[in-house]
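Peer 1: One line per chain: the protein sequences are A and B, in this order.
Sequential numbering from 0 applies to the first sequence in numbering that gives the first Met the number 0.
Sequential numbering from 0 applies to the second sequence in numbering that gives the first Met the number 0.
If you're looking for bench data, these hints aren't it; they were derived computationally from the structure.
A portion of the hints provided could be inaccurate.
Chain A is nowhere near these chain B residues, computed Cβ spacing over 12 Å in every case [claimed, not checked]: (1) Lys11; (2) Gln15; (3) Lys17; (4) Thr30; (5) Val33; (6) Thr38; (7) Asp54; (8) Asn62; (9) Thr67; (10) Gly70; (11) Lys107; (12) Val114; (13) Val120.
The calculated lysine-lysine pairs, modelled on DSS-like cross-linking and capped at a C-alpha distance of 25 Å, are [said to hold, decoys possible]: (14) B:Lys29 with B:Lys90; (15) A:Lys38 with A:Lys1; (16) A:Lys53 with A:Lys40; (17) A:Lys150 with A:Lys167; (18) A:Lys18 with A:Lys175; (19) B:Lys58 with A:Lys149; (20) B:Lys100 with A:Lys167; (21) A:Lys149 with B:Lys90; (22) A:Lys167 with B:Lys57; (23) B:Lys100 with B:Lys90; (24) B:Lys100 with A:Lys1; (25) A:Lys149 with A:Lys167; (26) B:Lys100 with A:Lys150; (27) A:Lys149 with A:Lys86; (28) B:Lys90 with A:Lys167; (29) B:Lys29 with B:Lys11; (30) A:Lys91 with A:Lys31; (31) A:Lys31 with A:Lys149; (32) A:Lys86 with B:Lys112; (33) A:Lys149 with B:Lys57; (34) A:Lys150 with B:Lys29; (35) A:Lys167 with B:Lys58; (36) A:Lys139 with A:Lys18; (37) B:Lys57 with A:Lys150; (38) B:Lys17 with A:Lys175; (39) A:Lys139 with A:Lys91; (40) A:Lys18 with A:Lys79.
Where is the CB? At the ideal position from N, CA and C, for every residue including glycine.
Chain by chain, the residues:
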Amino acid sequence: MKELSLHILDVVQNSLGAKASLVEIDIVEDVKNDLLTIKIKDNGTGMDEEMSKKVIDPFFTTRTTRKVGMGIPLFAQAAKSCGGDLKVYSEKGKGTEVIATFVLNHIDRAPIGSMADTMVSLVAVHPDVDFIYRHCVEDKAFILDTREVKKILHDVPINNPMVLDWIKRFIEDNLKEINGGA
Amino acid sequence: MSVIKSIEDLEKIREQAKDMINLRVDNETKTRVVVGMGTCGIAAGARAVMLAILDELKKRNVNDVIVTETGCIGLCQYEPLVDVIQPDHPKVTYVNMTPEKAREVVVKHIINKQVVDEYVVPNI
């Protein structure tokens with residue numbers, strides 16, 4: 000994947016497949032410790048211990064149409080090739096958490112890419128699922144919580160094209176802000 | 000931690016949008032556009048294709064089309080894949096989509112009801 004935001008989109012597809020109603024995405028850029036952490040947590044069906052160990056293996060998938068699943072393995076490989084790691088924590092009936100770490104300044108680290116595009120494409124297709132996206136750069140942070148957005152919108156659906164445009168701008172403006180203006 | 004840009008200006012958007020009837024509510028009489036969003040689709044550029052479709056529909060004021068997604072269907076080499084399903088018509092599968100081709104499909108197929116043969120899945 001050319002962008003880490005595409006890996007995030009891909010991993011969130013697993014959450015949606017596991018019938019999650021709330022997906023939390025946390026990105027922390029810790030410049031001081033040269034560490035990038037990406038956390039994706041859902042309240043989906045979860046997996047037992049045996050299964051959560053297997054998902055890093057490309058030849059494991061819950062899909063029945065074919066025998067390979069590349070989502071988590073690709074993300075894990077991206078992390079490991081950048082001095083980081085990927086861990087999957089899951090509990091049956093409670094949900095799953097995927098945590099990927101990267102050396103922030105590693106030469107092979109793909110750019111985070113467009114989180115605005117990732118969030119808009121998720122919200123557009125899954126208006127009934129709630130997403131919380133937090134992004135932290137040093138001591139600056141912002142949050143997009145679709146539950147808050149829906150509270151303001153009342154009866155207007157969150158996948159209304161005007162609202163989607165607003166979400167895109169909201170993320171882009173805030174990311175610019177926490178990255179030091181510019 | 001402080002929220003830098005507040006979501007208060009969303010209120011204005013709500014005011015503008017509330018008169019638009021929600022035509023995106025799903026039902027069987029509507030055209031459905033299905034974008035392949037498995038790992039293979041995403042890696043091949045499905046996100047940009049989906050956003051292009053949404054944008055073209057918005058630009059042309061088409062509100063009664065359902066845009067949705069599916070996982071990998073085993074045609075990874077042809078991703079990004081886009082299915083157009085119109086009521087009473089067979090499903091049409093477009094292959095190797097790009098944002099530009101997808102916009103063309105929106106105009107020619109979804110709006111003007113002409114299948115864009117050159118982008119349809121080859122016989123396999």
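Peer 1: Against which earlier hints does the structure fall short, listed by number upward?
Peer 2: Numbers 1, 2, 3, 5, 6, 7, 8, 9, 10, 18, 21, 26, 27, 28, 29, 30, 31, 32, 34, 36, 38, 39, 40, in rising order.
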